[in-house]
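Residue strings, one per chain:
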Amino acid sequence: AQSVTQPDIHITVSEGASLELRCNYSYGATPYLFWYVQSPGQGLQLLLKYFSGDTLVQGIKGFEAEFKRSQSSFNLRKPSVHWSDAAEYFCAVGTMNYGGSQGNLIFGKGTKLSVKP
Amino acid sequence: KAGVTQTPRYLIKTRGQQVTLSCSPISGHRSVSWYQQTPGQGLQFLFEYFSETQRNKGNFPGRFSGRQFSNSRSEMNVSTLELGDSALYLCASSLEPNSPLHFGNGTRLTVT
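Residue numbers (our numbering), protein chains in the order written: chain A, 1 to 117; chain B, 1001 to 1112.
Hints may be right or wrong, so weigh each one.
[Unchecked claim] For lysine to any residue, the following SDA-like pairs were computed, each having C-alpha atoms within a straight-line distance of at most 25 angstroms: (1) K49(A) with Q1044(B); (2) K49(A) with Y32(A); (3) K61(A) with G1058(B); (4) K49(A) with G1058(B).
[Said to hold, decoys possible] Stretch-level coverage of chain B by chain A, calculated; a stretch enters the list once three of its residues show a Cβ under 8 angstroms from a Cβ in chain A: (5) 1040-1047; (6) 1093-1106.
FYI, nobody ran anything at the bench for these hints, they're computed from the structure. Values in this document were obtained by computation on a predicted structure and should not be read as measured data. Here a beta-carbon is modelled for each residue, glycine too, at the ideal position from N, C-alpha and C.
Only chain A is shown next, with the shape it has when bound in the complex (with noise of 0.2 angstroms):
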């Protein structure tokens, strides 16, 4: 079954430090997967998302993420975070029934990002 692992519940990073969170998959298919960031009591915000080709794609808001089919990885990546990117993380899988659709996604736990002044 498909299954999605991100390890870190909560991370601390000082404002202008890199940023890296981790996802882990579990897919038997080539996997669609996907970023996605929520606000406290907002919805969730895609963040950017790989379906094929270059295995490094880059998001809004300066993230960028590289798939690893060896590692079955999807980290998440930032160069240098700001305050306002404190929010939680979302990884996601899509499955690969009728044709791919989207609207059927695995999420990880969520990965919570503080950011120290």
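With the hints as your guide, set chain B onto chain A.
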């Protein structure tokens, strides 16, 4: 363009009651998905609708049901509410099933 609108934002119900949540997708979007978010289980897929047809259904009991109307608006219904149904229910829409999901801010349901 208006985003995904979910109503109501907050809801308090008693065990055994039923509840209906509403979702208006972004104009032009024809696919709507529903997710339940709880601290313990995280985000779990409930259903996906496209052109009034349910395409996918998550692993939830039959008390959870949904539908989509011809204008793409969607509702989900939970009957015989249990305490464990307390959660944030998120709706997401997309142009079609293979397009990026846009989430609403959710409906916070509390069952007492």
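Do the hints match the structure? See the list:
The straight-line distance between the Cα atoms of K49(A) and Q1044(B) is roughly 19 angstroms, inside the 25 angstroms bound, and the hint therefore holds. Among the hinted pairs, K49(A) with Y32(A) is consistent with the structure: their alpha-carbon atoms are about 7 angstroms apart, no more than 25 angstroms. About 31 angstroms separates the Cα atoms of K61(A) and G1058(B), which puts this hinted pair outside 25 angstroms; it is violated. Only pairs whose Cα atoms come within 25 angstroms are accepted, and K49(A) paired with G1058(B) is accepted, the gap being roughly 22 angstroms.
Residues of the region 1040-1047 of chain B lying with their CB closer than 8 angstroms to a CB of chain A number 4, which satisfies the three-residue condition for coverage. Evaluation of the coverage hint for the region 1093-1106 of chain B: fulfilled, as 11 residues show C-beta separations to chain A shorter than 8 angstroms, against a requirement of three.
Checked against the numbered hints given earlier, the structure breaks only hint 3 and satisfies all the rest.
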